[in-house]
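Asker: Take the given structure of chain A and dock chains B, C and D to it, following the hints.
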Amino acid sequence: MTLKSFLQALLACLILSFAAPSFAQSDPKPLIDALAKADFNEAEKLLGQIAATGDARVVPALNAFAEGDLYFRKSDNLVFIAKAAGSGFELIDPLTGAAAGQAAKNAVTKIKVNNNLRRVIRSAMGGLTLLSPDRAVRLQAAEAVLRSPSPENLDLVEAALAKETDGEVKARMEEARAVSVLSSDRSIDEKRSAIETIKNLGGRNSLGILNSVSGSIEVGLKGDLDAAIASIESEQQLWDMAQNVWYGLSLGSVLLLAAIGLAITFGVMGIINMAHGEMVMLGAYSTFVVQEVIRDNAPNLFDWSLAIALPVAFLVTGAVGLVIERGVIRFLYGRPLETLLATWGVSLILQQTIRSIFGPTNQEVGNPSWMSGSFPVGGMTITWNRMWIILFSMSIFVALLVVLKKSAFGLNMRAVTQNRRMASSMGIKTPWVDAFTFALGSGIAGIAGVALSQIDNVSPNLGQSYIIDSFMVVVFGGVGNLWGTLVGALSLGVLNKFLEPSVGAVLGKILVLVLIILFIQKRPRGLFALKGRAVEA
Amino acid sequence: MTFKAKFAGALLATVMSTTALSGAFAADDTIKIGVLHSLSGTMAISETTLKDVMLMLVEEQNKKGGVLGKKLEAVVVDPASDWPLFAEKARQLISQDKVAAVFGCWTSSSRKSVLPVFEELNSILFYPVQYEGEESSRNIFYTGAAPNQQAIPAVDYLAESEGVQRWVLAGTDYVYPQTTNKILKAYLMSKGVAESDIMVNYTPFGHSDWQTIVSDIKKFGSAGKKTAVVSTINGDANVPFYKELGNQGIKAEDIPVVAFSVGEEELAGLDTKPLVGHLAAWNYFQSVDAEVNADFIKEWKAFTKNDKRVTNDPMEAAYIGFNAWVKAVEAAGTTDTDKVLDSIIGVSVPNLSGGTSTVMPNHHITKPVLIGEIQADGQFEIVQETPAVVGDEWSDYLPDSKNLISDWRKPMSCGNFNVASGKCGGKGS
Amino acid sequence: MISGFVFRALDGRIVVAVAILLGVALLVPALNLMTPPDSALHIPTYAVSLFGKYLCYALLALALDLVWGYCGILSLGHGAFFALGGYAMGMYLMRQIGSRGVYGNPILPDFMVFLNWKELPWFWHGFDWFVFAMAMVLVVPGLLAFVFGWFAFRSRVNGVYLSIITQAMTYALMLAFFRNDMGFGGNNGLTDFKDILGFPVQADGTRAVLFAMSAIMLALCLLVASAIVRSKFGKVLVGVRDAESRVRFLGFRVENIKLFTFVVSAMMAGIAGALFVPQVGIINPGEFAPANSIEVVVWTAVGGRGTLIGPVIGAVLVNAGKSFFTGAFPEIWLYALGGLFIAVTLFLPKGIVGTVQQGWNSRKAMKAAAEAEKGRDEAVPVTQAQAAE
Amino acid sequence: MNMIAETRQKSLLYLENVSVSFDGFKALNSLSFVVEPGELRAIIGPNGAGKTTMMDIITGKTRPDTGTVLFEDAIDLTKKDEADIAQLGIGRKFQKPTVFESHTVWDNLELALNRDRGVFATLFYTLSTEDEARIEEILSTIRLTHRKDELAANLSHGQKQWLEIGMLLAQEPKLLLVDEPVAGMTDAETAETAELLKEIAKTRSVVVVEHDMGFIRELGVKVTCLAEGSVLAEGSIDFVSNDPKVIENYLGR
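These protein sequences, in sequence, are chains A, B, C and D. This note's numbering applies: residue 1 is where the first sequence begins, and numbers increase by one. This note's numbering applies: residue 1 is where the second sequence begins, and numbers increase by one. This note's numbering applies: residue 1 is where the third sequence begins, and numbers increase by one. This note's numbering applies: residue 1 is where the fourth sequence begins, and numbers increase by one.
Next comes chain A alone, as it looks inside the complex (with noise of 0.2 Å):
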């Protein structure tokens, strides 16, 4: 269906105009099928009619026009919902839900839908499921219509309300019906106890609920309805600043992913590694495979792909950080500044694979369900990738220091670090130890980029973004030093997001970076730094 013109639109809403009164009665049929042809405003109209008919049989007709799953046939115009099946698609009658045969690709159009009509729907759609026997579906239902607030939902909540027995519903349409009645007309006791209602609800949206309504309130209603607007901005705004302490965290998590592996490569074992970035491009792109993989073969496994790419993206990561080790840093200790050269050109080596392999674009790597929306806490919104990401960054953290601290590995590690000759005579081989360092701070940059393929892009630039901010968080939190890593990590974290509404992101950042080179200057050796005469050597 190609667009129509401005003025053919207008002759078609002439028409329906004439035409929609005569479809006003209780069969919803016809006004479905009218959307074949209507444009928005046209459609808008229609779903008002239809909802109106207050029939509950139309939901999943409703539903199928919200997800863009309604079609009408080329031949008929008759409206169906329909399902790719094959190359065509399956047809469902849109009341009854029987199915109504096939139709190739070509013999049916998509009927189009916007914001607008989402809209209506989500309003039409909460009132008419209001009294579905399915509890789930009253919750919603109440939710949408607290949402998006119509007086002309108001006898419907009423109505819903009257035979509602479960607690936390009927509250949920007990608020939805205070919001309904706001912009209603009904008396001003009413509408006093609704503001009292919404006020104890509080949050964002209550907030523009009563900011939408302040316009037109009755004059008595005034001052309750501000006294409301400020007890929740009050509220809200102590929120507010726990929200920022989330998210500086959240950030810090974030920088303590990049950083951690080069925490070890850069932080214990003194190597410049400028290549410590494509380190977590690569997790990231190994998560990009495994995605891949999972969506051809086994697509139930969506949930559990991120799992699964946690072991292959240590294990590729680590197996390249060991060829790099074995292949050009074992030639370069003790001169870490040429490290740095080296790691550079092996960064851009790899970069240039990546985007030879993959292309030059991103990637699309889909967060599992448990990693995707939101849940309130009080008036903060916790997402779920980013709680996600925080407990992640943990549990790596402990890992790695329980590796370090309790393994017979970690054990040749810190002694070789220590002391390479003493380690070397007591049998310990530590060509090995190096190289099998490399490889775990390889590995966990790579599962690093798992976690961060779930909030940035997955481009053959990842590396780039991160390789700087890592250098930051190891040199303040204090080089060699794990606990410096977490600590300096979080408290830039936080710090940048307590910068960042005050001064706006571009400064925060520019500020962090001053502070980091003035803190520099306090303490020449970071956060944690290792004091006494066993430094300087």
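Because the hints were derived from the structure by calculation, they are not lab data. Backbone N, C-alpha and C define an ideal beta-carbon position, used for all residues, glycine too. Warning: the hint list may mix true and false statements.
[To be verified] In silico DSSO-like pairs for lysine-lysine, Cα to Cα no more than 27 Å straight-line:
#1 B/K191 / C/K118
#2 A/K105 / B/K298
#3 D/K174 / C/K232
#4 B/K251 / A/K83
#5 C/K194 / B/K98
[As the list claims (entries may be wrong)] Partner residues aside, some chain C positions facing chain D, computed with beta carbon under 7 Å:
#6 F233
#7 V238
#8 A243
#9 G251
Answerer: Chains B, C and D alone, transformed into the frame defined by chain A:
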């Protein structure tokens, strides 16, 4: 010691003479065109695609017999996202490889870097990306959108069909967003939007932590008026931005985001299900229902041997620019810059949205403006299409440029003619 | 005397380099301007400005060599000084545009006009005056280096910590210059220059002169650098590099020594930037990118650090290679570049010049050893004879 | 005038109740120590006794937490940094020989010469005949005249130790702190070094830290034994080596 010195001197001389001489081998039966897009560095992510498009277009044209009976030959160089290198490579293409025209650049910085080179050496650049306007060079053709071909229609659409009254202008802190937002702010205020209903926010390049800004947008949106975000956020920063939007549950039905730099390529790196309904304004979408577009997509997928490759607006702009140049060269009967510059004005070529685009005397082109909503499959559903709009190089909403026009036809031949003073050259004083 | 010989050789090498540079400064413009374009000897303008650019990079690498090769300070932020010098020159060139900008505003540069600035920010004043601008080319990078170095060297920030904070410095400056509110043209930077001291920047003659200036400045800075490193100060400098605490316990103020060198080096980088801008026609915040500064380190390492000549050769070679590869093999040039860095660090740790010099020295040492051997051979019969007695 | 004040007035170097700790470890524990002008003093003590830390404090490398450190009874060394202290006339030789390996022996000495050490003074310095004579003199003192044009890197371990001592001489200090000068030397070299130090001590004060008891015996001077950051015993070598606390803490082990 002296040996070393001689060696160094000889080396220098060799390098110099080889670079100087290698241009001399251009065969007579080919016409060379330059392709100046970054294949490495930060911009490779966007520009590599355009290089491929150019190669495809050249191949197609050669199948049709080339131009003026000669084969076309694309000279590809890599300016590596390094702006001074753009100027160097442009100079190399023009004076050493003797290309007839150059297709390239993405960022404004790169275009600004090569502009003096093209003017000095009198060659032609086709610039295929949307940009902030405020420029009209005798030697450059701007086939991407000017702000009036993208931003203003998008804002109109939101105001009219979604009833938006409150605006967040969020952008990356560089010249295109700054200028576009200045224009938009002036435009919105001229439409009666109060200054307190406009929030402007800038972020650094490659910004990846959007938590605070998204929650600020939420806050701004809870003032009881319908709110929308106009995003001029650049390239890489978009993916984390949209991910954060999706996760914080900002649905398009509540606060729609309309973007000017997000196309099919950017969405290819995203799970778009949470983003359904957010908008973009371009002059072309892959989902355009037109025969010419279907052919183009088929060709593209065949050329790249990848069924998943998508097409986008800058590709269409490159397509229009290339075809306009071919047509102009054929009309002029030569690739001589001055002749082509004369013959190209007024040339109309089919665009991919089913209409035609005409090269205007201000070196911008006419294109329709399409508003699309993001779909779950990463494509756009076109919700509005305007008739073709002429690219406006000097914005009517900026105080210092509203009196300027550009007309490169004789006798005016001026890129910044001041209609108030009647003189060429800015203020004309 | 071996030491005397080494000094004389060093002398000779610098003198040769300076002579070559001065020769190039004369010859290249002459070949460019005076030979007809189809002559085999003709050097096209394209090549002139390309090589002019290389010479600017060479000067930047030389500046880095002074602090890294001789003083042991690995600055990952030298690009910042280069860019600041470039901006100072760029601001002069912008002011020279006058009312020839697209908006015809006689005072404000174009980018300020369309972003609605009403008056020239205070820090733009004076830049219409060439002498002032040239002073700023030295003062601004010098001042930044002074302030930065004053704090860093006094607090004894060392080694990799210093490298990382110099990187933070250039990164912060990059972000700052990207901001349009700073008044330096944001990401587009300063461009579309018209003329310099009244001569059009695009003209062949101007380009030739700029090229010659680059060669001459490089020669001059080579002489200055070589004078510094061959003085007693230079020996102290190397001492700081090799055994900083010893220098300190000998009573030298290491922070002053470093500060002086850092400032001189920053000024040289500023000069390089100032010469670079009119030749490439643009300066923008991309020059502050940390990756650029790392590349400078690479040129220096490739040529051979601590040799003065090496970085010059390294900068020219790597950049010529870059120009060639980005044109001839755009798809694979990053492999070549990356491979080069690895190869140089693994196989030529002293860089090209360092390795040649080492070969030279060891050949000499072998000769000396052979001499000694011969001496001993002659001596042996005597001892044997004595033993036989 | 009481005893303490008198000692202090006469002293070249005066440490009183100096304490310093690193991360809770007390490296020096109210250490008091006096060196008189023209004195040659040996310091012994087990590892971790605080010998090197004491030197660090005297030379300004480490700041004490508490205590007084005076030079010539007037100058508070805790307020000065290494360069100042070196210019005051305190020279220090490290445990590990630290010379400028990429310079020649001659250049090493030239750098150490007690001349104006300012940036511009060194930039425009030219070698005067007087300085040349002084360097030649030191070269012969440290027995390196024949190797003066060689890179310091090519010297043997012992020669590097001597070169470092020579550099200290060039500095013309009033007080020389020498940390383990004979570590890694042959017996012959050790004996020669003892001679060299005795010769040097004729014109200035010298403090020698050493483990080698034979060497200390050879020096035949007053010995201070440190342990756990404070003075355990002080006196002649025989007196100290018979002290039961010293035997328990140091020699016995």
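Asker: Compare the structure with each hint and give your call.
Answerer: Okay, the hints, checked on the actual structure:
Taking the CA atoms of B/K191 and C/K118, the gap is near 24 Å; set against the 27 Å cutoff, the hint holds. Taken as a hint, the A/K105 and B/K298 pair is honoured in the structure, with Cα atoms around 18 Å apart against an allowance of 27 Å. Restraint check for D/K174 and C/K232: the C-alpha separation of about 24 Å stays at or below 27 Å, so the hint holds. Between the alpha carbons of B/K251 and A/K83 the distance comes to roughly 24 Å, so the proposed pair stays at or under 27 Å and holds.
Between C/K194 and B/K98 the alpha-carbon distance is near 25 Å, which keeps this suggested pair within the 27 Å criterion. For C/F233, the suggested interface contact is upheld, since its CB lies about 4 Å from the closest CB of chain D, less than 7 Å. With 7 Å as the threshold, the beta carbon of C/V238 comes within range of chain D, its nearest partner Cβ sitting at about 6 Å, so the hint holds. Annotation: C/A243 was flagged as interfacial toward chain D, and the flag holds, the nearest CB pair being 5 Å apart, inside 7 Å.
For C/G251, the interface hint holds, the least distance from its beta-carbon to any beta-carbon of chain D being 3 Å, beneath 7 Å.
Checked against the numbered hints listed earlier, the structure breaks none of them; every hint is satisfied.
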